[in-house]
Every structure is written in C-alpha cells, then in structure tokens.
Amino acid sequence: MPQKISPRKIKIDQQDIPFSEGQSIMEAAEQAGVYIPHLCHKAGYKAHGSCRLCTVKASGRWVSACTEPAEVGLQVENNSSELQSQRRAIVQLLFAEGNHHCPFCEKSGNCQLQAVAYSLDMHDAHFAHQFPHRTLDASHPEVLLDRDRCIQCELCVRASKEHDKKNVFALSGRGPHTQLIVNSESGKLKDSEIEKDDEAIKVCPTGALMNRSKPFSVPIGQRQFDNIPIDQQSTGKSGNNEAQP
Amino acid sequence: MKISNKKTGKRVVIDPVSRVEGHGKVTLLLDENNRLQEARLHIVEFRGFEKFIEGRPYEEVAVLVQRLCGICPVSHHLAAAKAIDQLVGVNQLTPTAEKIRRLLHYGQVLQSHALHFFHLSSPDLLFGFESDLHRRNIIEVIKDFPDIGRQGIQLRKFGQDIIQAISGKKIHGVIAVPGGVNRSLDISQRDTLRAQLPDVLEKSQKAVAISRDLYLSNIEMHQRFGFIESSFLGLVDSKGALELYDGNIRIKDQEGNIFQDQLDDNHYFDYIQEEVRSWSYMKFPFLSDLGIEKGWYRVGPLARINNCDFISTPLAEKARQEFIQFHHGVAQAPLAYHWARMIELLHCAEQIETLLQDEDILGNELILKGKAQQEGIGVIEAPRGTLIHHYKIDDEGLIEKANLIVSTTQNNQAMNDSVREVAQEYIDGQEITEGALNQIEVAIRAYDPCLSCATHAMGKMPLKLELFDHQGLLLDTKTKSGF
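In order, the protein sequences belong to chains P and Z. The first sequence maps to residues 1 to 245 in this note's numbering. The second sequence maps to residues 1 to 483 in this note's numbering.
In isolation and in its complexed conformation, chain P is listed as follows (with noise of 0.2 angstroms):
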C-alpha cells in the first residue's frame, strides 16, 4: 500500500498553508485566500518585489513575499502591527511622492492604492507631500496617462510586454526623476500600439492609466471596493485583487 504524502506546509500567522512546488509564499497565500497587501504583484505576471508592501518576516527574515519561494516548514509572519505599520508607511510614502487626488479621482473606489491604505488603516500621508512636476499624456483619444498617480510598479510594462506583446511602456530616469515613458517616436501615446482595451490598462493599480471612452460610469455604491474592503477580496482561486475597469 503507497504511504500517503502529507501536503507542503508553510504557516502564515500560525495557520498552515499549504503550497506546491515553485509557489512564492504571496502564491501559496492567495490560493489559500490569506491577504498579504502588495500592489506591484498580479497573479499571472513574474513577481517584481519592487513595492515592499509585501514584506513579511520569514522564519525571522525581511522577505518580499511575491519573491520568496514556500518551503516546507516555513513560519511566515504577516498581519502583525509591527508589520502593518511599516506597510502603513510605505503607502504614506506612495501618497506623499506623487499627487493622488481621491477626491476627484475617477478610479476611486476602484483604486488599489486608495483600497490598501484604507485597509491599513490609513488616516493621512503623514509625511510631507512632495508634489513633483509630472506630465500628462492625454494625446490619446481613449487612453489617459496621468504620471501624477503612477507607483511605478510597472505592472503595465509588464502587461504590455507579456500579455500585449506590444512593449509600449517602460521606466526611465533615476530616483525622484523615475518616470513612465511611452516607446513611440514622440513619446506620446496617440503614436504608440496602445489601445484603450489593452491590460496595461487593465492591470493598473490605480489611476494612472485610464480608459477615457467611459468616463465615471460605475456608479458609487458598485465599485470593487465600496463595500467589501481589499483584504477582504482576495479570493486566493485567482489572485485577483485588482480593480477591474
């Protein structure tokens, strides 16, 4: 008689989850529908560790959790305060570097960003806004690019490369001057592939990329996150906490 296998294991907070071979501990939670907040991460796309959210202590150590391969017997601690409030910051940072104006924002509600910060329980940018000087693409009769609200977490140059097959954005610049750029030969949308069905619009975690064809049209009330918040949301089956358009 074949002896039984038991499942890989790691725990999260104390709970056992288990994984398959390959998975990232971010993989393996959402499968299990745990919520680790992220924004630069989207199933489906190669793991980019760039917005830290997702940092968790591993069996004691730092990790990104999108980045961090599950191994059995792993002790990964999530949703602790002294994790929460170092994610807090992060987002407070986000808000602070660029200019994310909620209020009239048509992605709000929709928004990613604004979704995690009120999960973190999120009251102000607690630091000094910088307010950078960033341009607006709006060349392009149905897409809008508002660099204003961009994270660079590059999920659309990640969507237009893999899932587009057109490579229509990319990051330029250093540091503060870190930027979205448009590979056309203005450097405008309206003479790039774009297309306002793409998923580089699609996947953008908040306002930056817009679908300017249908402007306001969900109603407040009908929004992703009106009235189940994001860490509510994480189904695990699909990994899916992004806003959908």
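One or more hints might be untrue.
Said to hold, decoys possible - Listed next, the stretches of chain Z that the computed footprint assigns to chain P, with coverage defined by at least 3 CB atoms under 8 angstroms from CB atoms of chain P:
hint: 1; stretch: 59–67
hint: 2; stretch: 172–185
hint: 3; stretch: 393–401
It is worth saying that the hints were derived from the structure and are not from the lab. Yeah, the Cβ is synthetic: ideal placement off N, Cα and C, and Gly gets one too.
Starting from the known structure of chain P, fit chain Z onto it as the hints suggest.
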C-alpha cells in the same frame, strides 16, 4: 467674543461669523465725527479653482469642481456637467438622464434651503437678532421650538436622502457624466423616497407658513432691515415660469419691470461682466448695459420669485401669489429672502413628488454622444442663485480656460450695501455690542452666502469687523469665538 482697547480706540473683531459658509470680514469706515462713511464685506479666502483645473481632462471636471462646496456640491456638479454635455456635443439629454439630474437638483435645493432657514437663520428670527449669543443655534431651537427644529432636520434629511439615492453619497457623490448620467433609480429606492412624500409636503407647507409669519410678525422692522433696491437676475422657462435647472435669463429692474428677457445663457458674457476690487477676493459682477455703478443686481430665491410670472406647481404658486401680492409686485427687503426661499423649498418638494411618479427615472437610456466641441457653458439656478460654469478645452480635451461666476458673487454688492445699511442703523455713532454685530451678520445671512464657493477655503467662516476713522486709523475690531 473679545474686545480690546488701544490708544487709538476700541478694536472689535467678529471672528468667525457664524452660521454662514466661508470666511469674511467687515470693515466700517468712519468720518471725523465717527459717522459711518463706508461699509465693506471683505472676502478673505482664495480658492483658485479656475486656475488649477487648467490642464485637467474635461471628463473629471464635474467631479472636481463640486469640491468647491460641501453645501451645494450638486449645483457645481450639474452646472459643470451641463457645460461638459456641450463639449461632447449633447444639447438634449435622454428623458431619464434629464429627469434624474432634475430630481437630484430639487433634492439639493430643498436640503440647502432647509439647512439655511432652520439651522442657520431661524435662531435669529425666533429668539431675536440681539438675543443671547449662546441661544442662537439649532440646538436651542430644538429645545424651545421642538417642532420647528425637527421639521428643519427632517426636511434636510429628505433632500439628502434623494442626493444619496441618486449620486451614491450625501455629499460629493457622482451621477452626471459627459452626455448623461451613470445610473437611474431602482424601484426600491424610488418607493422609499415616495413613502416620505406626504410628510415632506406637509412640512414644506408649514415651512412657508413659518417663514411668512416670522417675516410678518415685525413687518415694519423686517422690511426696513438692510433695505436696498436692486434689479434681479435669474432663469425662467420659455413661458416665464420659475426654472431651476435649465432656462433662459430674465432681468427685472428695481421697479419690477422686465428689463431683458429670454437671454441665451450661453451668451452670458455679452451682458454680464465682472469687476475686480483690491480689497476682496470676491469679484463684483454687473450688467454690461448699465455699467459698474448701476449694473449690479441680485440673484437667489428673492430674485427668482420676483422674476418669474408663475410657478408650475400649485402649492408653491399659491404661496408665490401671496408673496407678490403682499409686496405689491416686487420685494426688495433682504429678509424677504427667507420667505421666498421657503416657497422654493415647497416647489422642490412638489417637483420631487411629480418626478417620483415618472417611470422615466427608472429608465436605462442614460448617455448620449454627439459631435465634440471645444467650448461649453452650463448655467443653473443653485440654491443661492444663478451659477455659471464656462470651460474651453484644447485638442486633447484638457481644460484650457475656466470661468465660474458663482451665485454669492453676484450678491456681493447687495451684501455690501445691506451691511452698510444695517451698520448705519445699529453701529453708526454707537457702542459696538455683540448684539449689534449680529445685526450685521443677520443681514449677510439673509443672502445665504457661500463665501467658499464665491472665491472658488476650507473651514469655518470668520468675519472680522474693523472700525476705522476717516484717516484710516483702526479704532475698533471685534471677534467672536464662533460656535
């Protein structure tokens, strides 16, 4: 309230003026005999909306500009939306979209009027203009006049319920999108609102009676108080009926004669200009044909009730007729604003009743599209008066230029003149008391000013009263700690 004495004289500051929206101060200039020479209402806020929306995509403007105000955001939302409809080439909305927007607007005017009369002004009218400062608030009204207090709160709540049902939030919701609306009502929402109507209509009629009876209770003083004479401007429909959402401009002179009628609001710039004065962030609009000196006018409930030939709803029309008969055609007393305001509140309640019977508000045809253009003008009757939003966009749909002429701005000269009249009667050559200062506030309050809107600041509304001699020497300043 604090009063300080200096070698140069008393210094009195009212800071903040309570029960109005925004920040302002009053300066009184005296001659060498300490007689009043000039009275000025200064608006000390700077908002800058017209400037900082430049470069933003037109499609977000109707949501952005409603942040001008927390009391009448719906008005800004809809005025901007009407302008943006033009940008997307839509001159006529679907019946559902138009009726949903109208329903929202009537809810907004109803709640704003209820707020102003019951919460902000009724303490003056019920307790007396110079009554104990600590009693002049809605809480004391509820204690001494529980029926009136509750009535105001319930009426306002109904208006807010409508706003929430339609736009998703009581304040700063979103419903208007370019060329239409993003949703209609569902049956359960409609029925919930309908169920409140009998009570709302009854309370609205009582509100008219209360405002009328209070006005008539000391009619000689109330008609004299802050009295000025002006022309009036507002929208009417093609038949001359009171119109709050979409109509043409009518102007009546101070005798009540029609001066100009059925003016195309899309050409407001042909007949309205704005003057800038160095001492206030609020502009002074005037009628081009009459010039700066004679061209100022009033807007808001008093202007609208004076201007229209009739009101399309029966109860409000009956109330209007009584109002007009009493005033022999045209009412000029600032305190008559309250009575006129409650007539409009009743009209809104009746309009809401009509719309809630209309199946169109449940419809699915929400948005139209047309041929895009680069300039759009939206004019609406906000609770405080005619509101103009004017936008120009570039080839990419970004705002190139914006001009907002807000209701309170158009009452700027009138408020200044009423302040002067009251100061002449209650301050001139007399000791400045808190009660006397409230007389000035009562005059300003009658216009229901929203100084935040009018300057396109956040927070409370400080008014600073300063007394200067003829050489510009500060004599008195008075301040209040607010409420």
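Okay, the hints, checked on the actual structure:
Note: the stretch 59–67 of chain Z has 5 residues with beta-carbon separation from chain P under 8 angstroms; the three-residue rule is met and the coverage holds. Proximity of the stretch 172–185 of chain Z to chain P, defined as three or more residues with a beta carbon under 8 angstroms from a beta carbon of that chain, is established by the 8 residues found. Beta-carbon proximity to chain P at under 8 angstroms applies to 3 residues in the stretch 393–401 of chain Z; the threshold of 3 is reached and the given coverage holds.
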